Amino acid sequence: MRKLSFGKAINEALDQEMERDEKVFVLGEDVAKMGGDFGITRGLWKKYGDKRVKDTPLSEAAILGIANGAAMAGLRPVAEIMFADFITEGYDQLVNNSAKIHFMFNGTVTCPLVVRTANGAGFHAAYHHSQTPEAWFLNVPGLYIVAPSTPYEAKGLLIASIRDDNPVIFLEHKLLYEMEGEVPEEPYMVELGKARVRKEGKDATLIASQRMVYLALEAAEELSKEDIQVEVIDLRTLFPLDKDAIFDSVAKTGRVVLVNEAPKTGNYVNEISQTINEEMFEFLKAPIKRVTGLDAPTAFAPKLEEYYLPHKEDIIREVKEIVEY
Amino acid sequence: MSYPKDFLLNLYKTMVRIRNFEIMAEKLFLEGELPGFIHLYIGEEAIATGVIADLRKDDFITSTHRGHGHMIAKGANINRMMAELYGRTTGYCKGKGGSMHIADFSIGVLGANGVVGGGLPIAVGAGLGIKMKKTDQVVVAFFGDGASNTGAFHESLNFASIYKLPVIFVVENNKFASTATTKETTSIENISDRAVGYGIPGITIDGNDVITIYETAKEMIKRAREDGGPSLIEAKTYRIKGHFVGDPELYRDKKEVEEFWLNEPIRKFEKKLVEEKMLNETEKRKIWEDAQKEIEEAVTFAKESPVPNNEDALTDLFVNDSGYDY
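Line by line, the protein sequences are chains A and B.
The working numbering applies: residue 51 is where the first sequence begins, and numbers increase by one.
The working numbering applies: residue 814 is where the second sequence begins, and numbers increase by one.
Among the clues, some could well be false.
[Stated by the list, open to error] Simulated crosslink set (EDC-like; lysine to aspartate or glutamate; CA at most 20 Å straight-line):
no.	chain 1	residue 1	chain 2	residue 2
1	A	K83	B	E997
2	A	K83	B	E1069
3	B	K996	B	D1006
Rather than coming from a laboratory, the hints here were simulated on the basis of the structure.
Bear in mind the structure is a predicted one, so any value in this text is a computation, not a measurement.
Chain A with its partners taken away, still in its complex shape:
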């Protein structure tokens, strides 16, 4: 099959959806002439023009609020927030409007907006350009959170997100943009809310998303040499959570390590831990462990940033600990 980078897969999803439905439009900083700071919207402005690909001022509050308004007015905006860290500038609109519009007005109006944003560390860009924000949205009922790890899923999940009538935060890890993978040329959807087992195993379950999936897979590979068979689940959609996929795996392995690159305290994965604890306690053979970023802002110096991030070795250590528990 044809190979495409993660970034180009997203570009193709946008292009095909814009072609299919003229209500779909793109807005954000640098998205038109420049084609996005990471080149994700390249070519769209030339093809669809100012009307449907809009460069905005550096005004995240306006971008997200305008996306809400446009969505309520019947359009399907795809807003780009250049760096996930900048979402905080328009946080109010997502928390107090996007998430609540459908509920607040008794289902009489929908808010079908997609907010694409580049997240993650590993780029040596320090405090304001490195964060991973899913936990910021988790305590706000009403928002879907999608976080693909492969080009195939990036395209399929974005198309599904655009066609969905709910507001979706769509996270794109900066370090995955160049990753190549097989991507069908025709439009297709990957169902929202469904995780995927990336590797099967019986001894422990690793649950991860985005770039951390690859760390988990590497750890699993190494552990298999020591005859520890680890199952790796790629969540793909962070909310709503695919409990079935997680519970099936927990029923089989009884041991879980959760991996996420955001800080440990209040991490997104803590919610998964508690869900397993409440609903699958009798299957657990060991405490649920987590491998996360450190409880500190992401520092600039590459050595410090590297130290902040989770490592394959950390995952291996935690898996061994619970296997031997």
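On the provided structure of chain A, position chain B as indicated by the hints.
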């Protein structure tokens, strides 16, 4: 220019030092020496230089992601700046911040900010502090035309105005907000017109003319110091370099850059100085050579400085943080 030669040459030197720092930062980044992002101030040196020339050491400024020039003009240590770009422990943030976060509180720099508009309310807060403590300090908030389109701009100027705070808002209109042109993303030609909405003075000036900038700032600084309240100065300039080093600059014509390069502030000021016999070839050469030498020494200093230890990733999160085990 009826100013003493020393004063004028100091302005020139500051601009040349900023330029040399930026040229070196660009070179090092392109050579792969520096991690992260670098945003250059080349072509905008006159603004920080002219405004800060009338500030005292105990006056405050807030800076931006394009902040090297503000730091140098305020009197920062170039060795520590370069060490920060290298992510070394001798850097201003001990290597934790990098280019976008260099600051020195001992000379009144209240942080540089990686988020556009982030410095504006901070400057207003410092202004409020001055007013409450009844000192005669002032604050200068440097920011770009892009920041003038954020909510933080509106909220900050309104607040500063209602409390009549000693804050001079200096918008560096370099014709680009990231990669979009100011023309396309800003509702009016002169951003200083927005001052009317806050009932404060708004002035648009040539941001490439260091003397005009100095004189305008001096007037507004005096006003603020004497409890006259805030003002908005718009310095029109041009961002000679891309948004960041490595920016493919697909959004502008190279000819346009060349055109503006002819009007860049250092050459412009140099011409005036030569005409008025304030600067000769020998002096000029020495100023440039000294600046180059200074920056080369800073690079050596940075390279010889230690890289941080892993534990440094966790220190200073809280005051009196004796350790870390949450």
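The hints, checked one at a time:
Taking the CA atoms of K83/A and E997/B, the gap is about 11 Å. The hint holds against a cut of 20 Å. Only pairs whose Cα atoms come within 20 Å are accepted, and K83/A paired with E1069/B is accepted, the gap being roughly 17 Å. About 15 Å separates the Cα atoms of K996/B and D1006/B, which keeps this hinted pair within 20 Å; it holds.
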